[in-house]
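There are 2 protein chains.
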Amino acid sequence: MKKTSGRLTLPSENNFLKETEELIARLGADAIRDSDGTKLDEETLSLPVKVYSTYFVARGHNEFAKEHMEECQQFYLMSKRVTAFSHHLEIPYMDGFFRKQVTPDFLHDPKKWWELIDRTTGEVISPERWRLSPDKFVKSSGEKAEASKENSKSSTEETKETGLPSYFLQDGETALLILEDATPFHEYTLSFLAFALWDPTEMYNHITNNWGDKPADIPFDIRKPYSNRFAKEELKRWLEAHPKTDVVRFTTFFYHFTLQFNHEEKEKFVDWFGYGGTVSVEALEAFEKEYGYRLRPEDLVDEGYFHSTFRTPTKAYLDYMDFIARFVAKEAKELVDLVHAAGKEAMMFLGDNWIGTEPYGKYFKEIGLDSVVGSVGGGATLRLIADIPGVRYTEGRFLPYFFPDTFYEGNDPVPEAMENWVSARRAIMRKPVDRIGYGGYLSLAYKFPKFIDYIAEVAEEFRDLYEKVQGTKPYAKLKVGIVNAWGKLRSWQAYMVAHALYYQKAYSYFGILEALSGMDTDVEFYSFDELLEKGVPKDVDVLINAGDAMTSWSGGEIWKEEKLQSLLRAFVYNGGGLIGVGEPSACSFQGKYFQLADIFGVDKEMGFSLSTDKYFKTAKTEHFLLEDFPAENLNFGESQKSIYALEKETEILEYSDGSVHLSAHDYGKGRGIYIAGLPYNMENTRLLLRALLYSAHKEKEIRKWQCTNLACELHAYPEKGIYAVVNNSKEKQSTDFYDGKGRKHSAELLPGAMHWYTID
Amino acid sequence: MKKTSGRLTLPSENNFLKETEELIARLGADAIRDSDGTKLDEETLSLPVKVYSTYFVARGHNEFAKEHMEECQQFYLMSKRVTAFSHHLEIPYMDGFFRKQVTPDFLHDPKKWWELIDRTTGEVISPERWRLSPDKFVKSSGEKAEASKENSKSSTEETKETGLPSYFLQDGETALLILEDATPFHEYTLSFLAFALWDPTEMYNHITNNWGDKPADIPFDIRKPYSNRFAKEELKRWLEAHPKTDVVRFTTFFYHFTLQFNHEEKEKFVDWFGYGGTVSVEALEAFEKEYGYRLRPEDLVDEGYFHSTFRTPTKAYLDYMDFIARFVAKEAKELVDLVHAAGKEAMMFLGDNWIGTEPYGKYFKEIGLDSVVGSVGGGATLRLIADIPGVRYTEGRFLPYFFPDTFYEGNDPVPEAMENWVSARRAIMRKPVDRIGYGGYLSLAYKFPKFIDYIAEVAEEFRDLYEKVQGTKPYAKLKVGIVNAWGKLRSWQAYMVAHALYYQKAYSYFGILEALSGMDTDVEFYSFDELLEKGVPKDVDVLINAGDAMTSWSGGEIWKEEKLQSLLRAFVYNGGGLIGVGEPSACSFQGKYFQLADIFGVDKEMGFSLSTDKYFKTAKTEHFLLEDFPAENLNFGESQKSIYALEKETEILEYSDGSVHLSAHDYGKGRGIYIAGLPYNMENTRLLLRALLYSAHKEKEIRKWQCTNLACELHAYPEKGIYAVVNNSKEKQSTDFYDGKGRKHSAELLPGAMHWYTID
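Chains as they are written, first to last, in full-length UniProt numbering: chain A, 1 to 760; chain B, 1 to 760.
Errors might be hidden in some of the hints.
Which copy? The list can't say, so a pair holds if one copy fits it or any two copies do.
PhoX-like mimics (lysine-lysine), calculated; alpha carbons at most 25 angstroms apart, straight line [unchecked claim]:
1) K100 / K648
2) K266 / K648
3) K80 / K563
4) K315 / K560
5) K648 / K268
6) K266 / K617
If you are wondering where the hints come from, they were derived from the structure by calculation, not from laboratory data. Quantities reported herein were computed from a predicted structural model and do not represent experimental measurements.
Given only the sequences and the hints, what does the whole structure look like? Please build it.
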């Protein structure tokens, strides 16, 4: 294989020129980048490669921000729940929050913008009934917007003396809400507007790395006049000042995903998708003007759940997201246009202040970005990046970061890199990112020559792979649609809370996405609403509904919608497959828990139908789904209890501890399949493939473009006349495999190896 | 110990006189009884003991019943769910039912009394839209009641020819409902009235024992005129014909608990509490007249759940139960009066046709029974019998039955008898039944002399115990209230489906009742409604709410009732204890799952609050609750997942697999305690005791009238100045124990032994 180059971005740093040059040559890199903690010197910037420069739009300019503290970003916060033990109730509503991060907004009338709720009844307590101590809101003559400006001006003065504007809570002040006619033994919460004083990512880095006295980056809100003007002028200035930058890497635009710390400086709330940081009085007023109705604080606070993606979104919240996303796209486009006008490319980092720029959202394309770069945790996160529509190229940042937590003496960083690469490679075989890259301190990685050797191999393999698979459609055995409340917007992002982190309630479902990311199937994401509006697309072979009951992923109350039930029944009846994982279509209604129990052939016993005898408890031992590995290797993760077969025609494929965990059921010309959970592993990947094929009556595909060994996969590219057999494991593997005509061959593959063949 | 006699009932049988006499003397029996399969001959009946005779009111008289098939008992049945795949829908609504047991009622207008429901929407389909094939309803000139009588007369003729009245489905006929404008891909069910042709207990015995050609006992309904008159006249005749009977043992009165078989003659539906067999057109019409509203079939069919006790009862269903119970009490009283007039006692068997006579119901006392006899499966079922108010005496029928399944060559029946006795004895120490007895074939037991020796010991021990504990209040460490939707009516009967049988979804809660049945605490059962009406009674120390979410036991939607929340908070705040097991107070509302999470200090993560960090994961290793046995012996049965502590003040006592399973939490002067499940065993009995004491701040009671060894219990009777130390195990035990003054003593006890002491 001849040495290739390109499609690789390396981090660099000051005073590392010679080694950077050496590594560029060695690894075939064609771009270098700076990052949060590293700057590049002039000589490095002059190397004959592209230069990426990190750019922050809405933070990192405290000299500006401090002059306009009234333009800080905002949150709706919900106080802890406080029980009234008499008629007198006090809520110390800042308890549990990190006062360096957030402070109550007294610039805007709390009586108008805050909401005290009796959480025992859900009733909103009239603002006339409560008071605040201290109450820093200054009722001025005219409109509150005026008041805010007045306040901000006068208080800016004070900032210089005390460090905090007078309308902010001062050190030592306790923020209290007082209600004198509470109902004893009811619980209350206060939803209140707060200003954000610290950018969450900078706060996280600051606290994690003990940056000490370094001032907190104050996040300002470009919806507000000074900030909006500043952001654009500052970018112009910056572009002029950085002639050697080729790619402006926005990290990111305006609003950070919701990340709050607590009074002990520990993470309190994290939602990678959360719109919590986008709110402001200006936004709420603009929303009301446009949509004709006013949002209540509760429309955003959502009982304290703040519309995590596990919640089925309300209409108000969807409206609000749309409103924000449209605004963000419009404003981001202006910045991108400036970048283009300066002759540079605009790249977006997928994360941090990415709220409103979700790449699968309606307005993303309008921003006009050249590219998106994101962190790759495995196959699903790779596809999350690679499948992004509307950009010229995508880039995956691979693990490990060149940070001291991995690159320390005595540790070998290669295994982590290998696991990351091999799991992502499965996905690349289906849809490659256009570039790969790394982050951190290049000087650190340089001290690990075996690691450099390994990533040199990775870069070579990536380029070779990219050359072969880019722009050609890999063979797909069928097309799968994932159905949940979010659909396309959250493509490859279902079941995520913090980006790609493990959650006990998620991994048994996230495994489906990870398995699919590198499987020879096409995958699309559909929302219930989309199906209701347009029906199941004709090219879909199998639909998957997976999740815990009442979550957005399973669907909850939407299953009472007769049209949804009917169209899925029709889909399967006419030959489609339906796979349910966990608690699919679950919602107690009209005598069933799984509303599509008739398709699955199983339902879940919730205690109400214990009187009805359950007869079917014997699992088949031979079945299409069970041909690849012994039953004891079945692993349903968190699994389910009390799933029972409805009729003897249900094919029970696993039964233990009083419950079915795997089953199949004919329904018209199609089939329903139930799986209790599907964490990611090789066995479950194969099980899912077989379930997909069986549900759609495509069993024959298991002998076409298919390896027999679970550790290996085969990807065929008929247009190019080539196919690859891949060893996904760290061990040597032998496998038989079937080509496109069903002929059997065999191969021996070294750990992680890949063999290419020509289609004859 | 001197030999005693009395308080023991033995079964006898024909041609077993000498041995019966011998056993009466040997065991000290003072009563003999016949049963379903045994009759007593004249000489046996003349023995100098009381004679119990089984009496069936509403079955066993086919010569009458066959002349009045229109007076057969009735059911509402729900057809299987049938999906329409086009506009033409056919429901073969008798599919899956046992046609020898039930047949559709064509005497009463199906268009009026049946209900076709679209189960995809819940909509009732107008009866004008469907038709039946065959449709045997004869539209006569006048009222349907007339029609029914007309039909019944004409058809009685036909009975003699074909064996079935013409208005019944004939052999080979398929019962179809036909709808021509169904909505494709909707599911439908037909709720229809049916006649019961076979008494369920007799059917069960008949099928189980292969009674072949023996005709089925037809159940008639004493709400109907001929049956009502017949039942009373027949009882009078019978009383005259049975001068030697001392006790008429009603088995039972009029309506059997719901028990249906399927087309394969296997149990299809069983609910020991089900009112399914009480329905009739006459009852529905009388109900409407009295209550001013008409019941829909769905009010009884309940989506096919038929109001299992796991369902939170609706107002309509509670009204209906009350209506039936009142009727049954009134009619039963007439029969009991006849028995008394004949100089005999009236005893009721707790089971079979017992619907409407529930002993903890409002009207039970009015029946005027002398006694109730019931089957004892363990401590809770013993207390179910022993605690019955309003009768002169109670009797427990102990296990094993003298049947060939236990009494066969090579088997030793003693261990089963011992286990039954020792588990029931715990409960007897708290509240004794007044008599014990056995059932089955005495001749069989006679062949097992060691067994006879053992039950002789049991009888002696029971009489001795009874002498000591009857009529005196045992010392109670505190008073416990069990709170659920049913309250007192289902005292000791919570979590039951079929009488005392194991269910996977029940045992982790039923263990609470079994543990309490023999614990030195007072126990009462409260419904939510009762608490809402009267508050928590002053003498209650601890309340327990235990069950799966949304069941009647946990409570479901009632937890949105602010008054209920408030009064329980006030109760604990002022010093009460609250113990939650499983999913207590669970109902998603206003940001919580456990509505009393603030008391328990824990809530369950349903996926919506994954964004909120959970900090508290470390279990205490030393705690009042954990002093008696090692943590690895904790057994939460089916247990729970995703239970998390809300604050650091929550005392986590067990944490594993990402979940709290045992915790305690201060709330005002009281405490909340959470337990993930509590199947019955010695460890959990002690754990529950400690939880009760801790929750009510009565920890000191653990050194008063208390054994240290888990296998032993102590019961004190201060009024009598005595106390007993009991070995509940089959092994020899040594134990320390504390007397009422906290002084420590010790004892060595043989397997199952009991030592009595005098209080000094």
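Evaluated hints:
Taking identical chains as interchangeable, the C-alpha atoms of K100 and K648 lie at most 25 angstroms apart only when they sit on different chains, with a minimum of 23 angstroms there against 63 angstroms within one chain. Taking CA atoms no more than 25 angstroms apart as the test, K266 paired with K648 passes between copies only; the shortest distance there is 14 angstroms, against 53 angstroms inside one copy. Taking CA atoms no more than 25 angstroms apart as the test, K80 paired with K563 passes between copies only; the shortest distance there is 22 angstroms, against 40 angstroms inside one copy. For the homomeric pair K315 and K560, the shortest alpha-carbon distances inside one copy (17 angstroms) and between copies (24 angstroms) are both at most 25 angstroms.
When the C-alpha separation of K648 and K268 is checked against a cutoff of 25 angstroms, the pair qualifies only between copies, where the shortest distance is 14 angstroms, while the shortest distance within a copy is 49 angstroms. In this assembly of identical chains, K266 and K617 lie within 25 angstroms of each other by CA distance solely across copies; the values are 15 angstroms between and 48 angstroms within a copy.
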